[in-house]
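Asks: These are the residues of each chain, in order.
Number of protein chains: 2
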Amino acid sequence: MALVNEQFLKLSESYLFSEITKKVNAFKVIHPEAKVIRLGIGDVTLPLPEAVIDALHKAVDEMSVSETFKGYGPEQGYRFLIDTIIKHDYETRGISLDPDEVFINDGAKSDTGNIGDILSKDNRIAVTDPVYPVYIDSNVMGCRAGEKNEDGRWSNIVYIPCNAENHFIPELPEIRPDVIYLCYPNNPTGTALSKKELKKWVNYAISNNILILFDAAYEAFIQEEDVPHSIYEIKGAKQVAIEFRSFSKTAGFTGLRCGYTVVPKELKAFNFAGDKISLNRLWNRRQSTKFNGTAYIVQRAAEAIYTPEGKVQTKVRINYYMRNAKLLHDNLKSIGLEVFGGVNAPYIWVKAPKGITSWKFFDRLLFERHIIGTPGVGFGPSGEGYLRLTAFGKYEDTFEAIERLKNWKI
Amino acid sequence: MALVNEQFLKLSESYLFSEITKKVNAFKVIHPEAKVIRLGIGDVTLPLPEAVIDALHKAVDEMSVSETFKGYGPEQGYRFLIDTIIKHDYETRGISLDPDEVFINDGAKSDTGNIGDILSKDNRIAVTDPVYPVYIDSNVMGCRAGEKNEDGRWSNIVYIPCNAENHFIPELPEIRPDVIYLCYPNNPTGTALSKKELKKWVNYAISNNILILFDAAYEAFIQEEDVPHSIYEIKGAKQVAIEFRSFSKTAGFTGLRCGYTVVPKELKAFNFAGDKISLNRLWNRRQSTKFNGTAYIVQRAAEAIYTPEGKVQTKVRINYYMRNAKLLHDNLKSIGLEVFGGVNAPYIWVKAPKGITSWKFFDRLLFERHIIGTPGVGFGPSGEGYLRLTAFGKYEDTFEAIERLKNWKI
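Protein chains in written order, with the UniProt record's numbering: chain A, 1 to 410; chain B, 1 to 410.
I should point out that these hints are in silico values taken from the structure, not numbers from a laboratory. One or more hints might be untrue.
[Unchecked claim] Partial list, derived from the structure: chain B residues whose beta carbon lies under 8 Å from chain A: (1) Leu46; (2) Met63; (3) Asp178.
[Said to hold, decoys possible] Just a few of them, taken from the derived set where beta-carbon distance is under 8 Å, the chain A residues facing chain B: (4) Asn209; (5) Asn271; (6) Phe272.
C-beta: ideal position from N, C-alpha, C; glycine also.
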């Protein structure tokens, strides 16, 4: 009799965005004439950079003739892209990596979800709260979450609150975890960690043999000097951290699907006997077995981001979104709201006024100003009382949203 | 202390193809002048169909302007592709499917590897032997294989031998499994199952609540009337089977990465309490959490396979490879070898002469005729004494291989 993985039965349906859709649809029935501005979803709106388009056309042409056609590529990705990544994203910051420490993938979601394959189900997981839901849900599936409590927290997961009270700087937890997810610049709060703060975590991990899963998907949005782009800027981090990167937001690849994961060879975890085991070797085995590489044409597209033209065109896009972020940040502040993020990340984390809930704030913004955000509570218990706005909209829409917010009596 | 999934430590490095490479390199040192013909690897050599190339260019252009740019798509795939698949691959055979029963992916390897996520580790797995190694290795990782015995078999896996003695028709196993992998047309043996034979398995699965994981990656190569293209051609199969399909071999997508998985809504597995659970819902949750969809441009490319031009161009490629298959099959037979497969699949399964081992046969073919095959034992214990040749080479190379084999004293 075929048995299911019962852990799945503990998960609710992905509730957040369907609930939003339901509410927006109800609103539209009552106000069919209203022009709703969507600042809720973290998807880009600008088209792909010209250099990427050119590289795609060229690679497609290669696939059309026998002499240059590419079949199966290496599961780990092509050397032309890996070498380019190491040179531009790491060597420029004084970090050296071997080519077999970089694994090209079809986006960070796959790897942050699948990384649990190589880890024991006996690990205690920690997350900052609020949090990107994939970290939690994939660990529920992987039998590491325990049971869901009344307050929405899972019994075996360590939650590290990040809120206005602690300036969104996570404190070392009282219960020591085995694995911790850190996403900086952070989704959903848009806040960042300074080098000093990240160093605290790396040292904690080194002292306690903790594995850090460092999600740097929003690295390209960093504006401030003191914010590390890679966790490997911190001494010793290669012993304790896996880093996830993505081209999704950097270069508009959300519909093209490419990113990469760095698993340093000096990074070790343990078997039950206490022997050190190379996670690089395990991840390589996982990818060779369950993945067949990212499309050749997409890898050529990613390579084009690093050309001089590609860099300029990418920067233009980042600047465009960060102009939106600043506009939102400054104007929300000027009407008296408490606002966080938006300086090193394309997310604005707004405190709901007068102690109202996330959903209540969502409703008011929708009904009174026809703007859609994302209720912070959807990202975890510590997100209650906040709302996430994203800077990925069109400038004109963001500008109009700001106009609507002026003189809003909050 | 971060702990690894210890199951990974039971797996050897992917040994087969690296051992082949080592032997070929050694051969080349001794015979630097020899022109080696590779008939070992199952990768296509013909470029992408023109219709696919055109669709890719068009979709790339869409990605270059705001109005038609596509960001995140549905994790399950775009409706334009799902609807096209249902219409052409299923409705033409009298099979009706709902759009939410089809999940677009980045190739069959990912899904045949990841499907274990939704299944309990307490399931007993059965495979036909020889077998595509991903089925075994992914179940080792998923803690369902037990320990590796001296004979190369895993203690908790049920092996169903397929060999010349039983005409490569798997017999119902003595020990009843919970989940069984069937790959037909088969990799590596190149043999197929008739409707009557497949019906035997579907009925067995229905009677015993067994889940069939049906890998139909080579469906497009079927030539004979009586061989089912989809397991759902068998009555009742929707209650017991997941079907994996791939565009890799059908249309040369090995480097482009696209396939799909069908999980019917009436398919149920069980929780420990014996309640029926929908696997469709679980797989949807898995994909929504750990996958972010296949590139839009690649899905447009896949759609183009189903246009009138695409169908003709794809058929031309299939015929090209199947001409190779027939050439290999008939000529190997004519020199006195026992040959299987090659009629409904691009693989030829050759019995080594005089009872020599797979590796001995591999060596002789390499050293005496400068042709590379794949030792059958690499696919499992019942593959010992066989060699796999593939029809995916260039016609000229296949023809030359045949010339070399004439008058070979086996």
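Asks: Using 8 Å as the Cβ threshold, decide whether Asp178/B counts as touching chain A.
Replies: 5 Å, holds
Asks: When the nearest CB of chain B is found for Phe272/A, is that gap smaller than 8 Å?
Replies: 7 Å, holds
Asks: Report holds or violated for the interface hint on Asn209/A, using the least CB-CB distance to chain B and a cut-off of 8 Å.
Replies: 4 Å, holds
Asks: Verify the interface restraint on Asn271/A: the C-beta must sit less than 8 Å from at least one C-beta of chain B.
Replies: 5 Å, holds
Asks: Close enough to count: is the Cβ of Leu46/B nearer than 8 Å to one in chain A?
Replies: At about 7 Å, which falls below the 8 Å cut-off, the nearest Cβ of chain A leaves the hint on Leu46/B intact, so it holds.
Asks: Next item in the hint list is Met63/B. Is there a CB on chain A closer than 8 Å to its CB?
Replies: Status holds, d = 5 Å.
The structure fails none of the hints (numbered hints given earlier).
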